[in-house]
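Q: Chain by chain, the residues:
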Amino acid sequence: MNPHLEATGTRVRRPLWTDRSRTIRLLAAVAGIVLVVLAASTLGSYPVELITQVLIYALFAMSLDLLVGYTGLPSLGHSAYFGVAAYAAALCSLKLGLPFWCAAPVGLLAAVVTALLFNLIALRTARGYYLMITLALAQVLWSIAVSWTDLTGGDNGLSGIARPVIGRPLEGAASYLWFVALVFTVSAMAMWRIVRSPFGQALKGIRENEPRMRALGYETWRYKLVASLLAALFAGIAGECFLYLNGFVGPSSLAVALSAQVLLMVLMGAAGTLFGSMIGAAVFVVLQNIVSSYTDRWLFVMGAIYVLFALYAPAGALPWLRERWARYRNSVGGNT
Amino acid sequence: MNALEVRDLGRSFGGLQALQNVTLSIAQGERRVIIGTNGAGKTTLFNLLNGQIRPTRGEIVLFGEPITALSTPQRAARGLARTFQITSLFAELSVRENIQIAVQALDPCRFSFVRTIESYRHIEQRVEELLAQWQLEHCAAQRVNKLSYGVQRQLEVVMALASRPRVLLLDEPMAGLSSEETHLVTDIILALDRAVTVVMIEHDLAAAFRVADRVSAMDQGQVVAEGPPALIRDDEALQRIYLRGGALGTAGPAVSAGGRSQ
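Line order of the protein sequences matches chains R and F. Those letters in the first sequence? Residues 1 to 336, by the working numbering. Those letters in the second sequence? Residues 1 to 262, by the working numbering.
Keep in mind that a hint or two might mislead.
Chain R residues, not near chain F, derived (Cβ > 10 Å throughout) [claimed, not checked]: (1) Gly32; (2) Ala162; (3) Asn209; (4) Met213; (5) Arg214; (6) Tyr223; (7) Leu230; (8) Pro314.
Pair ranges (Cβ atoms, derived) [stated by the list, open to error]: (9) R/Ser331 <-> F/Ala141: 39 to 47 Å; (10) R/Arg222 <-> F/Gln239: 47 to 55 Å; (11) R/Gly128 <-> F/Arg121: 35 to 43 Å; (12) F/Gly39 <-> R/Pro314: 55 to 63 Å; (13) R/Leu26 <-> F/Ser25: 55 to 63 Å; (14) F/Thr56 <-> R/Leu287: 43 to 51 Å; (15) R/Ile305 <-> F/Tyr149: 50 to 58 Å; (16) F/Gly39 <-> R/Ala29: 52 to 60 Å; (17) R/Arg327 <-> F/Asp213: 25 to 33 Å; (18) R/Gly303 <-> F/Tyr149: 53 to 61 Å.
In case anyone wonders, no lab produced these hints; they're calculated from the structure. Please read these numbers as outputs of a predicted model, since none were measured by experiment. Glycine included, C-beta positions come from ideal geometry on N, C-alpha and C.
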């Protein structure tokens, strides 16, 4: 019983939403991914590659959403973690001859250490400056990748990285898609756990009102730092999936353009919802592939699409879809 | 041992002396109300007490421990909670989530990211308890920015109480409330266990005098009168201030510790 207030005699009620309904939704999401992968596997190499890219970028966008959508830290340097993990894993494979099971963790460690160094600096600043500092720090890494030719291959990057061998080599597009789908599912479930945890609740509180969080007793910088490290870890996983997809990593994996693209994916989907970021990434990658197959001026068309999103779905695709669905259900309900 | 001791506290902003020579001794379990006109330095005093700003001089002691050098979260961890004059909630989150965040603030589970919040039964139980006690069950799922101002003010108090503080600083908890809501909040404050020491800034003098064991009156950054409610209520100087909106410091001699002083 609450020692400070008189007893009310009120029975403690469980919330309407339950763990069971969540589990069912989670299983449905996993089943959906399996179905999409199965369908894509039967359609040839192009859809398989497209779905693989969608899953990798979705993972990347969800990792950024931990920062932007949940913690309220706008980052324009997220490609740094994606690229550093890919470069580190590639260097371990090429220069040291390490197998996948050693190179991949080293890559992830490099991404997390980079995030630690970045954020020890960037978290000293206010939110607007966080954006600029992360952009500047990522640009430093990009310039290193371009100029340190002996180590990074400069503009040519590092190529010839073999895909992992898990029981059998994942050389085929379909087998690699299954691998990425598995990595995506495990990572997405882990992120889902994080945002539903007490830690995740604290991140949302920091996003909404940091001074109030401090007054409640939260050492907010610790939460922001750990959120940044977790975001870097998942961005690193996406980066390594991208590395093994192409067998190549170049400076574009560290470029500000990639950070801007992934930020657009998060905003297009709906910041603050992991599923929204996934939708944003899917819309972005599919549109980019479709539009670029019809015209060389695809960047112009993509720009126009972003403007339309900003005008008609400023909160992102997911809230827009939910609103349309609610209206449809109301109209159907009203007619019956 | 007093719950809260403030010794010779001062704070200046550039050339403006917002608070000077403030000394208070608040006993454990006491209900202390701080009154004063706008700009008297009441909220500055609260900001200094919870560490939001640092004093330029003086010392703050909480249950015998000097806390002047501690950060806001460190003070909260020692049992000092506060509400804000301007409603300060998590506007985009639901009432339930706001309370959840406040309840878990000082719980060891707050840094856990492996288990979902719902799996911590003691947190959920405390949330339900607070929702029921403050009659907020009907709006538990509503987003805070959709609530009436009165309910938001209530939620401010609930969140400060959620982590079971030892000293509770309430910054104008009745501001903007209807008479019914004011009555509810006053009743709840009166029903609080005496293990909690309450320091409250309040402009609604009827509610303030109903709650207070002692009243401190502030003017121009100083405590100019202090005593039991009956004595303060009958103080002519205080009456002149509240009737004329003048400055307490110029209205007459101060009252201290149960009687008039220099």
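Q: Does each hint hold? Answer for all of them.
A: Each hint tested on the structure:
Every C-beta of chain F lies more than 10 Å from that of R/Gly32, the closest at about 21 Å, which supports listing it as non-interface. With a minimum CB-CB distance of about 34 Å to chain F, R/Ala162 clears the 10 Å threshold, and the non-interface call stands. The claim that R/Asn209 is not at the interface with chain F is violated, since a C-beta of that chain comes within 10 Å of its own (minimum 5 Å). Non-interface status of R/Met213 relative to chain F is broken: a Cβ of that chain comes within 10 Å, the nearest being about 8 Å off.
The claim that R/Arg214 is not at the interface with chain F is violated, since a C-beta of that chain comes within 10 Å of its own (minimum 4 Å). A cut-off of 10 Å between C-beta atoms contradicts the statement that R/Tyr223 is not in contact with chain F; the least separation is 8 Å. Consistency note on R/Leu230: stated as away from chain F, yet its beta-carbon is not over 10 Å from all of that chain's, at 8 Å minimum. Look at R/Pro314: its CB is around 15 Å from the nearest CB on chain F, clear of 10 Å, so calling it non-interface holds up.
Between R/Ser331 and F/Ala141 the CB atoms are about 25 Å apart, so this pair departs from the stated range of 39 to 47 Å. At roughly 50 Å, the beta-carbon separation of R/Arg222 and F/Gln239 lies within the given 47 to 55 Å, and the hint holds. A beta carbon spacing of about 40 Å between R/Gly128 and F/Arg121 agrees with the range 35 to 43 Å that was offered as a hint. Taken as a hint, the range 55 to 63 Å is violated for the pair F/Gly39 and R/Pro314, whose Cβ atoms sit roughly 40 Å apart.
For the pair R/Leu26 and F/Ser25, the beta carbons lie near 56 Å from each other, so the given range of 55 to 63 Å is met. Range check, F/Thr56 to R/Leu287: about 58 Å between beta-carbon atoms, so the 43 to 51 Å window is missed. The hinted range of 50 to 58 Å is not satisfied by R/Ile305 and F/Tyr149, whose Cβ atoms lie roughly 41 Å apart. Between F/Gly39 and R/Ala29, the C-beta spacing of about 56 Å keeps the proposed range 52 to 60 Å intact.
Distance hint check: the CB atoms of R/Arg327 and F/Asp213 are about 57 Å apart, inconsistent with the given range 25 to 33 Å. Between R/Gly303 and F/Tyr149 the CB atoms are about 43 Å apart, so this pair departs from the stated range of 53 to 61 Å.
Of the numbered hints stated above, those contradicted by the structure are hints 3, 4, 5, 6, 7, 9, 12, 14, 15, 17 and 18, listed in ascending order.
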